[in-house]
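Trainee: With chain E's structure known, arrange chain S on it following the hints.
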Amino acid sequence: GAVVSQHPSWVICKSGTSVKIECRSLDFQATTMFWYRQFPKQSLMLMATSNEGSKATHEQGVEKDKFLINHASLTLSTLTVTSAHPEDSSFYICSAITRTGENIQYFGAGTRLSVL
Amino acid sequence: GNSVTQMEGPVTLSEEAFLTINCTYTATGYPSLFWYVQYPGEGLQLLLKATKADDKGSNKGFEATYRKETTSFHLEKGSVQVSDSAVYFCALYGSSNTGKLIFGQGTTLQVKP
Numbered sequence: 086g087a088v089v090s091q092h093p094s095w096v097i098c099k100s101g102t103s104v105k106i107e108c109r110s111l112d113f114q115a116t117t118m119f120w121y122r123q124f125p126k127q128s129l130m131l132m133a134t135s136n137e138g139s140k141a142t143h144e145q146g147v148e149k150d151k152f153l154i155n156h157a158s159l160t161l162s163t164l165t166v167t168s169a170h171p172e173d174s175s176f177y178i179c180s181a182i183t184r185t186g187e188n189i190q191y192f193g194a195g196t197r198l199s200v201l
Numbered sequence: 329g330n331s332v333t334q335m336e337g338p339v340t341l342s343e344e345a346f347l348t349i350n351c352t353y354t355a356t357g358y359p360s361l362f363w364y365v366q367y368p369g370e371g372l373q374l375l376l377k378a379t380k381a382d383d384k385g386s387n388k389g390f391e392a393t394y395r396k397e398t399t400s401f402h403l404e405k406g407s408v409q410v411s412d413s414a415v416y417f418c419a420l421y422g423s424s425n426t427g428k429l430i431f432g433q434g435t436t437l438q439v440k441p
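Same order as they appear, the protein sequences are chains E and S.
Counting in our numbering, the final residue of the first sequence is number 201, and the numbers go up one at a time with none missing.
Counting in our numbering, the final residue of the second sequence is number 441, and the numbers go up one at a time with none missing.
Simulated from the structure, these hints should not be mistaken for laboratory data.
Backbone N, C-alpha and C define an ideal beta-carbon position, used for all residues, glycine too.
Possibly wrong hints are sitting among the right ones.
As the list claims (entries may be wrong) - A short, non-exhaustive set of chain E residues, derived as facing chain S with CB atoms under 10 Å: (1) Ala87; (2) Cys98; (3) His170.
As the list claims (entries may be wrong) - Footprint (simulated), chain E over chain S, 3 or more residues, beta carbon under 8 Å: (4) 368-381; (5) 430-440.
Next up, chain E with everything else stripped away, as it sits in the complex (with noise of 0.2 Å):
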């Protein structure tokens, strides 16, 4: 149980272009979902945190109109970076809760995004 899906798990754009990933709970609703940027052989680094049917809370330094979130339903988050430049490529990774107060992050296995 508690598996979270993320699509897709490599986007390769051009410069200016947007890009959608999508974060899905497949078998649990969550009600809390991270959305974490990682650079190579470093730490996580908390971009934002999406409750459902609520705006998202950006970290500090994190443009929220750079990165968009809408947290549509209790199973779907998507992150759209917007008009992406080449210091946009990292590796995006998101997280959810469960309903049950057990405050487990579960994770999806990341998207690559290459910014051309």
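Mentor: For chain S alone, coordinates are given in the frame of chain E:
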């Protein structure tokens, strides 16, 4: 504020060697503590957890004991395998956080045959 510090890597071991990855934390109150593992090119998987002092989390031969007196949660395994090669992250969830995990910087483990 809350923070997690892990030993620097990479840690390189031969197969069947004993593993210890140190993790210490700073937090107010009584945080929950976690170890996550990340295999190359993948997301994170929960390896084990402990929610109160003296709890021992265990899974797949890995163990970690929540030591409040030393604010530590060191990861151990008696006999590592090549398939254990991965990056290991120590993390805490503090009661004051809204579900946010605080991660250590990660420790890369390389196990050679």
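Trainee: Compare the structure with the hints numbered earlier in the document and write down the numbers of the violated ones, lowest to highest.
Mentor: When the structure is compared with the hints, numbers 2, 3 turn out to be violated.
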